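*Asks:* For reference, the chains in residue letters:
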Amino acid sequence: QVQLVQSGAEVKKPGASVKVSCKATGYSFTGYYMHWVRQAPGQGLEWMGRINPNSGDTNYAQKFQARVTMTRDTSITTAYMELIRLRSDDTAVYYCVRAVPYTNGLDVWGQGTTVTVSS
Amino acid sequence: QSVLTQPPSASGTPGQRVTISCSGGSSNIGSNTVNWYQQLPGAAPKLLIYDNNQRPSGVPARFSGSKSGTSASLAISGLQSEDEADYYCAAWDDSLNGVVFGAGTKQTVL
Numbered sequence: 012q013v014q015l016v017q018s019g020a021e022v023k024k025p026g027a028s029v030k031v032s033c034k035a036t037g038y039s040f041t042g043y044y045m046h047w048v049r050q051a052p053g054q055g056l057e058w059m060g061r062i063n064p065n066s067g068d069t070n071y072a073q074k075f076q077a078r079v080t081m082t083r084d085t086s087i088t089t090a091y092m093e094l095i096r097l098r099s100d101d102t103a104v105y106y107c108v109r110a111v112p113y114t115n116g117l118d119v120w121g122q123g124t125t126v127t128v129s130s
Numbered sequence: 012q013s014v015l016t017q018p019p020s021a022s023g024t025p026g027q028r029v030t031i032s033c034s035g036g037s038s039n040i041g042s043n044t045v046n047w048y049q050q051l052p053g054a055a056p057k058l059l060i061y062d063n064n065q066r067p068s069g070v071p072a073r074f075s076g077s078k079s080g081t082s083a084s085l086a087i088s089g090l091q092s093e094d095e096a097d098y099y100c101a102a103w104d105d106s107l108n109g110v111v112f113g114a115g116t117k118q119t120v121l
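Just so you know, the protein sequences line up as chains F and Z, in that order. Note that the numbering used here has the first sequence beginning at 12, numbered continuously upward. Note that the numbering used here has the second sequence beginning at 12, numbered continuously upward.
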């Protein structure tokens, strides 16, 4: 079945980097955009950006432009999101999410990866 | 402050019809389609409505979406206790060149 499985929880110190992986199974990996969305504790959803797994082209939210990199490895159908220069307010659950073709409807969500930034 | 505006809370009794509004602007809802997500406590969000009014397979028909101009609405007919959740609207924003979410509406079933 269609599934996105993310890497495990991370604890990082301020200023460090984190790289979250998202393994896609059950569908054609290169046929669907992959988005990344985060949710801070008790807060709403925040879009970080997306990657076209076929071309590698990316769009990043302005807020994260200088600190985020989204990549993919089509040979192992895995997408990655790296966030650098972590701050305490980056503490959140990070989701990879598949988009419905030709829309930005996000139809398959990973289980989420908790990233905690604390000194 | 979110680009899309939703009421922070809504409530209804079982069986009632409730609506949740989502207000935006010309660069987002006014020129792109709207999607709605349901997030149950402790769970990942789930796509409820896409392209303004389309339901993914498995989503009950009592959930419906509509859009007019720069506003959109999610309606729940025959409210059930399991509908108690947070609901988020979202749309692509041409000015920001990205997806924007509303802040979410907490739906309570009395």
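Treat the hints as calculated values from the structure; they're not laboratory data. Hints may be right or wrong, so weigh each one.
[As the list claims (entries may be wrong)] With the Cβ distance kept under 7 Å, some of the chain Z side facing chain F (calculated, not the full set):
id, residue
1, LEU51
2, ALA55
3, ASN63
4, PRO67
5, PRO71
6, VAL110
7, ALA114
[To be verified] The calculated SDA-like cross-link candidates involving lysine to any residue, where the alpha carbons are at most 20 Å apart (straight line), are:
id, chain 1, residue 1, chain 2, residue 2
8, Z, LYS57, F, GLN122
9, F, LYS74, F, TYR91
10, F, LYS23, F, VAL79
11, Z, LYS57, F, GLN12
12, F, LYS74, Z, SER106
13, Z, LYS57, F, GLN50
14, F, LYS74, F, ASP100
15, Z, LYS57, F, ASP100
16, Z, LYS57, F, GLN54
17, F, LYS74, F, ARG98
18, F, LYS74, Z, ALA21
19, Z, LYS117, Z, GLU95
20, Z, LYS57, F, THR85
21, Z, LYS57, F, ARG98
22, Z, LYS57, F, GLY53
23, F, LYS24, F, ASP100
24, Z, LYS57, Z, SER92
25, Z, LYS57, F, PRO52
26, Z, LYS57, F, THR36
27, Z, LYS57, F, THR125
28, Z, LYS117, Z, SER38
29, Z, LYS57, Z, GLY41
30, Z, LYS117, F, ARG98
31, Z, LYS117, F, GLU93
32, Z, LYS57, F, LYS74
33, F, LYS74, Z, ASP105
34, Z, LYS57, F, THR114
35, F, LYS34, F, VAL111
36, F, LYS74, F, GLU93
37, F, LYS34, Z, LYS57
38, Z, LYS117, F, ALA51
39, F, LYS30, F, ASP101
40, Z, LYS57, F, TYR43
Remember, predicted model here, so these are calculated numbers, not experimental data. Ideal Cβ placement from N, Cα and C applies to all residues, glycine included.
*Asks:* Could you grab the alpha-carbon distance between Z/LYS57 and F/TYR43 and see if it respects the 20 Å cut-off?
*Replies:* holds, 17 Å
*Asks:* Are the Cα positions of Z/LYS57 and F/THR125 separated by 20 Å at most?
*Replies:* holds, 18 Å
*Asks:* Does F/ASP100 sit within 20 Å of F/LYS74, going by the straight-line distance between their CA atoms?
*Replies:* holds, 13 Å
*Asks:* For F/LYS24 and F/ASP100, compute the direct alpha-carbon distance and say whether it is at most 20 Å.
*Replies:* holds, 12 Å
*Asks:* Given the hinted pair Z/LYS117 and Z/GLU95, is their Cα-Cα distance within 20 Å?
*Replies:* Satisfied, since the Cα-Cα distance of roughly 8 Å is no more than 20 Å.
*Asks:* Need the status of pair F/LYS74, Z/ALA21: alpha-carbon distance at most 20 Å?
*Replies:* violated, 30 Å
*Asks:* Do the numbers back the hint for Z/ASN63, that is, is its least Cβ distance to chain F under 7 Å?
*Replies:* This interface hint is violated because 10 Å lies over the 7 Å limit.
*Asks:* Holds or violated: are the alpha carbons of F/LYS74 and F/TYR91 at most 20 Å from each other?
*Replies:* Holds, because 18 Å separates the two Cα atoms, which is no more than 20 Å.
*Asks:* Is the straight-line distance between the alpha-carbon of Z/LYS57 and that of Z/SER92 20 Å or less?
*Replies:* holds, 17 Å
*Asks:* Please verify whether Z/LYS117 and F/ARG98 have alpha carbons no more than 20 Å apart.
*Replies:* violated, 28 Å
*Asks:* Does the structure keep Z/LYS117 and F/GLU93 at a Cα separation of 20 Å or less?
*Replies:* violated, 31 Å
*Asks:* Take the C-alpha atoms of Z/LYS117 and F/ALA51, compute the straight-line distance between them, and say whether it is at most 20 Å.
*Replies:* holds, 16 Å
In this structure, the earlier hints numbered 1, 3, 5, 15, 18, 20, 21, 28, 29, 30, 31, 32 are contradicted, and the remaining ones agree with it.
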